[in-house]
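Visitor: For the record, the sequence lines run as chains A and B.
The C-terminal position of the first sequence is numbered 525 in this note's numbering, with every residue numbered one higher than the one before it.
The C-terminal position of the second sequence is numbered 1342 in this note's numbering, with every residue numbered one higher than the one before it.
Derived by calculation from the structure, the hints in this document are not laboratory data.
Predicted, not measured: the structure shown is a model, and the values here were computed from it.
None of the hints are false.
Computed Cβ-Cβ distance ranges for the label pairs, DEER-style:
1. A/I391 with B/A1206: 45 to 53 Å
2. B/D1110 with A/G273: 46 to 54 Å
3. A/T283 with B/S1097: 36 to 44 Å
4. A/L297 with B/S1097: 45 to 53 Å
5. A/I388 with B/A1147: 52 to 60 Å
6. B/D1216 with A/T98: 39 to 47 Å
Computed far set for chain B versus chain A, every beta-carbon distance over 12 Å:
7. G1129
8. A1147
9. G1148
10. G1154
11. P1257
12. H1282
13. E1318
14. M1334
For glycine and all other residues, C-beta sits at the position ideal for the given N, C-alpha and C.
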Amino acid sequence: MVAHFLRLKLAILGNTFRRSPWQIVALGIGLLYGLGVCVLAIVGLIALRIADVETARNVVVIGGSLVVLGFLLVPLAVGVEDTLDPRRFSLFGMPNDTLALGLLVAAFVGVPSLVIASVAASTVATWSRGVGPTLLAIVSAALVTVTCVLTARVTTSVAALVLATRRARETTGLVAIVALVLLSPVISVLANVDWGRDTMAVFSALAGTLSWTPLGAGWAVPADAAAGDYGAALLKLLIAAVVVAALGLAWRGIVARMLVTPEREAHVKTYGGLGLFDPFGSTTTGVIAARSLTYWLRDPRYRASLVMIPILPVVLFVPLSIAGAPVEALWLMPLPVMCLFLGWSIHNDVAYDSTAVWLHVASGTRGTADRIGRIVPVALVGIPLIIIGAIVSAHFHGNDDVLPSLIGVSSAILFAGVGISSVMSARFPYPAVQPGDSPFQQPQSSGAVAALLQSVSFLVAVVIASPAIVFAGLGIVYGEDWAQWSLASGIAISVISVWGGVVWGGYIFERRGPEILAFATRNSS
Amino acid sequence: MTDGDDGAASMTAKKPAVGAPVAADAPPAGGAAVVDTPSVVQDVPVIEDAPVAERSTTTPADGAHQAPPVAAPPPGTDAPSAEHASEGPGAAVLRISGLRKRFGTTVAVDDIHLEVPVGSFYGIVGPNGAGKTTTLSMVTGLLRPDAGRIVVHGIDVWSEPVRAKRSIGVLPDRLRLFDRLTGAQLLFYSGTLRGLDVKTVRQRSADLIAAFGLEDAVNRLVADYSAGMTKKIALAAAMIHSPRLLVLDEPFESVDPVSAANLIDILQRYVESGGTVVLSSHGMDFVQRVCDHVAIIVSGRVLAAGTMAQVRGDGTLEDRFVQLAGGRKAAEGMEWLHTFSD
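Produce the complete structure using the sequences and hints provided.
Guide: Okay, structure coming up:
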């Protein structure tokens, strides 16, 4: 029976390569990257053989604890799609223990499991400093590998069991992003620590604490042995063994539980009245705007872009400022970048409707009404963002002369993006994440065409906005009236882009309605 | 479903038994005698069918025939019956001629001709993959035909789509709805997209919600509805602009029997007042019970079409269908299924 599960897992792994060429290229790059990290880790661990026990212990215990933490948290945060979910086997009527064992063994076949197994195995080289440490290193490497694989299995299943509702699934990914953002201050704090003086003390204390927790106990066993402290080593070995046993029992229990627990029913929330339809109602354009806006607030696929857009400049800002770029100049960057992504974010808006777009086609909706309605949320977010953002950026930049340029460039970029998006989403929709799926899931069959369309709409927006950008640059270098020119050209570009995008995109939408629906039908699962 | 029944009962109090004996299977020949005014009921019931029809239109709340709650479009609007009198009886509200569609090498629809008379309750039956959904999608302007002409109420659907679509209500099968909206929002959205003003949309939404028994569901997201509820809200959205022609693809799939009976009531009232229903189904009993006209489509071709009596002759519709569709396959070669594994 266990052999069956192994064969199944191998078949699944093999099938990941049966995709479009571009996906295989991406997968290949991912594998190479993973392999590179793995090889580096192994070489590093072997090199630690010549380091003193204290240093080697600190590196292995802290690094190892982080790895275990990763196996614990990644499935919870990202909500990994579990190909071997125990529930998929519930109808085969297998004994629980067989199923639990089979799935666990199958879990060892997989890239993360193989990486952790080889990394753990190479710690044996680190601790080959005598018979005792070597033997203990072999045992603890095995324990650590099993701990990691079991942890991932348990948390993946817990995530599937607890977070199975639609609403929960939609929020976990966003939680992960927010967590990522919260990490960036931590990074800058770490960057500011005076590493030269108290590094060793900090690391030693940290490693000492971690070595008594389930995260680090397994990694610390051979280290203590190598330091001659066999009592502590054996105690930590006991901790590691107990952890493995507890995880094994938990896994068995969870499998048993999952087999009799169907996917959880969603808790149903009610909404009073017509919501946003009340203020917007009465015209076709108005209701489409209200619908669009409602989706921006309720649909995680749109919320993801709302969350991502403020994060992007932070992600750019922090490393650049650490690298020593002048902070005053950096303050000019976040607003245009946010506007660029905001305008660009609706370039595949029609595909987000999936087949629900039939309602617009069957109603003979005017194309311009559809286009304007979909632009409204972006404008409602973008215009206040530009006004407030420009004032804040100019303030931190320290020179109010850039204010007109900032407004001009940002609105040109935003509305050029909106205009090109209006045309692209009607003419060239490409497969998007289906409604109700996780925003971070890859849609079936996207690949090269999607990448091309994404970059084209991105670049065209920048090109259309380029006059305002050039004038702004001249304004910063030469002063004079260039900033005013940037503002004027930016507003002109905005008006022309939106008007052109709406008219042209609307014409396309009306004419190609049935084709858009045919595209959506082809790509809906 | 008690809500629906309450709604029905309260409406009955206001409008007692307008629809009197509903005998939907009845028009005598070629639909020629379909009468316009709702008060003059199609009064030539085929006797053998009457009890069946009665069963389908009776709700638990009240043994006698009663006026189903909605569907009579509000006065003063573009009700199906408003201009209808000028056309005369027997005119076709939907004419399909020479319709063809192929997907790659598969021919889905192969030269279909159909005439749907005004005021008929038209059933299209066929096995899976016969081209029913493809045909109906082309009729409603959702799928571009390769060849052929579709005329709805005198307007060519594919040369004047915007005008033609005004008189069509659509319930597609297996297409999504904007399901992050609540039921009330979806109705409002559909009504406004169809060009109704706020007051009319609100009033009709309230009527439809009562008639379809959706009071408990209107403030929940459509994504959280059951399959049957989703069909109901979609059907309500299809009717909100009071179209002349309702095109329903598998309207009663996964709808519970009580709700289905309620919906059939609503549709029959709509037909009585001059509207036309075209629906596809593979439930033969159901189609025989509620439709007065039927077309049998197999492999993209119309094998039989006309009034129910003409098509089914002496037997049941199912007999006729199985005969036309190529007969039953003998269930052989599955002997292992006669012994059990434990």
